[in-house]
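Asker: Spelled out from the first residue to the last, the chains are:
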Amino acid sequence: MATTWKKTLQKIDDWRWLLPKEYKPGMLVPGLIFSSEEMLDVIGQDQAIEQVANVAFLPGIVKYSMAMPDIHWGYGFPIGGVAAMRVEDGVISPGGVGFDINCGTRVIRTNLSEEDVRPHLKELVNQVFRDIPAGVGGSGLVKASIKEIDEVLVKGARWAVEHGYGWPEDLEAIEGGGALPGANPDKVSHRAKQRGGPQLGTLGSGNHFLEVQVIDQIFDAEAAETMGMGSVGQVIVFVHCGSRGLGHQTCQDYLDVMEESSRKYDIRLPDRQLACAPISSREGQDYLSAMTAAANFAFCNRQLIAHWVRQAFGRIIGRDPKDMDMHIVYDVAHNIAKIERHRVNADARSGREVTVCVHRKGATRAFPPGHPDIPAKYKALGQPVLVPGDMGRYSYIAVGSEQAMAETWGSTCHGAGRVQSRGAAKRMLKGVDVAQRLADRGIYVRAQNRGLLAEEASEAYKDVATVIDVLHEAGISRRVCRMRPIGVVKG
Amino acid sequence: MTEPSPPPFEVIDHTADVGLVVRGASLEDVFVNAATGMFSLMVEVSGVRDTEERRVELEGHDWEDLLVRWLSELLYYLDAEEMLFRRFEVKSLSPHRLAASAWGERIDRDRHELHFGVKAVTRHMLEVRREDSAWRAQVLFDI
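These protein sequences, in sequence, are chains A and B.
Quick note on numbering: the first sequence equals residues 19 to 509 in my numbering.
Quick note on numbering: the second sequence equals residues 87 to 229 in my numbering.
Since no wrong hints were added, every one of them can be taken at face value.
Sample of chain A residues facing chain B (criterion: CB under 10 Å; computed from the structure):
#, residue
1, W91
2, G260
3, Q438
Distance ranges between label pairs, derived from CB positions:
#, chain 1, residue 1, chain 2, residue 2, range
4, A, D234, B, R192, 39 to 45 Å
5, A, R34, B, E175, 53 to 59 Å
6, B, R215, A, R459, 45 to 51 Å
7, A, G441, B, E139, 28 to 34 Å
8, A, L46, B, E217, 35 to 41 Å
9, A, S298, B, D136, 46 to 52 Å
10, B, P93, A, E491, 43 to 49 Å
Hints were generated in silico from the structure; no laboratory data involved.
All C-beta atoms in this analysis are idealised placements derived from N, C-alpha and C, irrespective of residue type, glycine included.
Could you put the whole structure together from the sequences, leaning on the hints where they help?
Answerer: As structure tokens, this is what we get:
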């Protein structure tokens, strides 16, 4: 299949490939895929590129249906897809956000070195595994009533800080201050609140994780220094999770609504999972305010998790988290839709400004230096982008750029991207004790089910370095540093 | 000689997620087998006791829609009440309505062998159709 795609795709340069509008009747704009030539062979193996074409059918889409190099086969939208729709005549699609609304990442730094943590590593990971439930079901340490959940949906991470879970300055280091405006709890179903309520402060399963990592390479010393991550050997904590059952139910509820509205507004789609409604319609506005509320729930979830990470470090290392400089470096969503102002011309400094609804389905916002929506301390640097890899290799931190603003609606990749299905990974690693293999390399893993670790092993993922390199070379996001895991908590 | 009957469900490989192809002599069987298949992705179902019942009644546009709503309803009980199910019975099924029961118990982390969680039931590749004299459904889960 890969060779077929290479015939269809037009090479723009070493990192950009055009999927012509003529590929499939009904595409309103062409597709644009960020990839190296070698990576295309992997990307072309499943339905991901077909899904890039399908997204181009959505009314009001501007410029391109885009895909980042970590693109892989999703349900409806490809994972790693970016699409912006005009607010006047465009649509919003829950499939363009995904079930895990505001699935995202957060990095908490420390001033500890690997030598400081190594002697306590097992105890530390065990403590985190106890306090932050991972896996199927699971209820968190915070018991919130439905009324309190309504507050969480509006206040996001601020709710947690107000209740003593975190520090006031944490909020400045979160996308949108940890509470996006426009959230309406009344648009989130009671069932969604009942489903997600008990799960506040839990990781979930699948590819979600919490890792204790060590900075092992610094590419941009000044940027790393600004983030308080300037030393090789320094320990940080990387969290990847989202809005749990509350987000999943909200997406499900609105997919039902959107099936109706696709019919009502006569929107023809190549895949039911792309069901959508005009952004200006009641259905579109209801989804937007419910999705925003679920996003705030996810910010609160990661805030609670960060609090218990600090508590665990405090208890096990025996020092005050403030003394250990355990500040939030950044927290950013990679499954979200947001109304944003962008310029449509290739040169971001000139050209007409438009208001669009940017869908980032497995893609991270990557705003440039000077953008008003990024924290003051990162103004000169650009927005930090936190990119998880896989548990056997490494994760990255990058920063956003003007080029991203001009070309990708200020967006970049969100991870490594799977290359092997869970079944294939399990078959390939049959008889291999993945936890032991990691332990041999100094990585201590706690998981709900050790047998399932094969499904999340390095072999199942692309090398995230290749993804980061494509975007660095293409000028979309700039490498800052790389971290390798030493402790892993998995669902 | 009778032909061996096809397995009630088979796992489909999908790069990021997991799907099921479900078969049954009747539509009712397909709904039961899909639910059993979904829970067997999440837990070793033989270790789940069927001590508590949850009744489900819902409406949908067509068979596909009913199947998504049925499985989503069971996920709701998993998250909201930590219920794992192992036995299912369809009481009545018409093109727009389903009444069914599910039996199981609450999660016991010491006793249940848990796998990965299913976040949601997607509509991608969704299909319910007759196949010769039996029924076949295909459904993809977000993991």
